[in-house]
Amino acid sequence: VEILTYHVVAGKVTAAEVVTLETATTANGSDVAIRVVDETVFINDSRVVATDIGASNGVIHVVDTVILPN
Numbered sequence: 400v401e402i403l404t405y406h407v408v409a410g411k412v413t414a415a416e417v418v419t420l421e422t423a424t425t426a427n428g429s430d431v432a433i434r435v436v437d438e439t440v441f442i443n444d445s446r447v448v449a450t451d452i453g454a455s456n457g458v459i460h461v462v463d464t465v466i467l468p469n
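In the working numbering, the protein residues as written are 400 to 469.
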């Protein structure tokens with residue numbers, strides 16, 4: 400369960416908001432690093448491959464690998 404909560408942040412954070420952040424606090428209280436390289440967004444070392452997928456309780460951004468703690 401802990402690895403799953405490492406992929407969730409509180410609130411509805413759109414892609415436009417994500418690119419303005421340097422970090423985000425996950426549901427389990429850990430921070431993840433956010434960086435943009437050549438218009439590609441990375442969460443720690445995972446690349447964001449799809450953004451702003453609507454959900455009933457928030458928004459989904461798809462990453463290419465499991466996000467692991469630093």
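By construction, these hints were calculated from the structure, which means they are not laboratory data.
Be aware that a few hints might be false.
[As the list claims (entries may be wrong)] Ranges of calculated distance between the beta carbons of each label pair, as one might list FRET restraints:
(1) D437 with L403: 25 to 31 Å
(2) I402 with T422: 15 to 21 Å
(3) R446 with T424: 19 to 25 Å
Even glycine gets a Cβ: it sits at the ideal position worked out from N, Cα and C.
Check your understanding: Taking the CB of R446 and the CB of T424, does the distance hold inside 19 to 25 Å?
Key -> holds, 21 Å
Check your understanding: That 25 to 31 Å hint for D437 and L403 (C-beta), does it hold up?
Key -> holds, 30 Å
Check your understanding: Has the hinted range 15 to 21 Å been met by the Cβ atoms of I402 and T422?
Key -> At roughly 19 Å between Cβ atoms, T422 and I402 fall inside 15 to 21 Å, so the hint holds.
When held up to the earlier numbered hints, the structure conflicts with none and fits them all.
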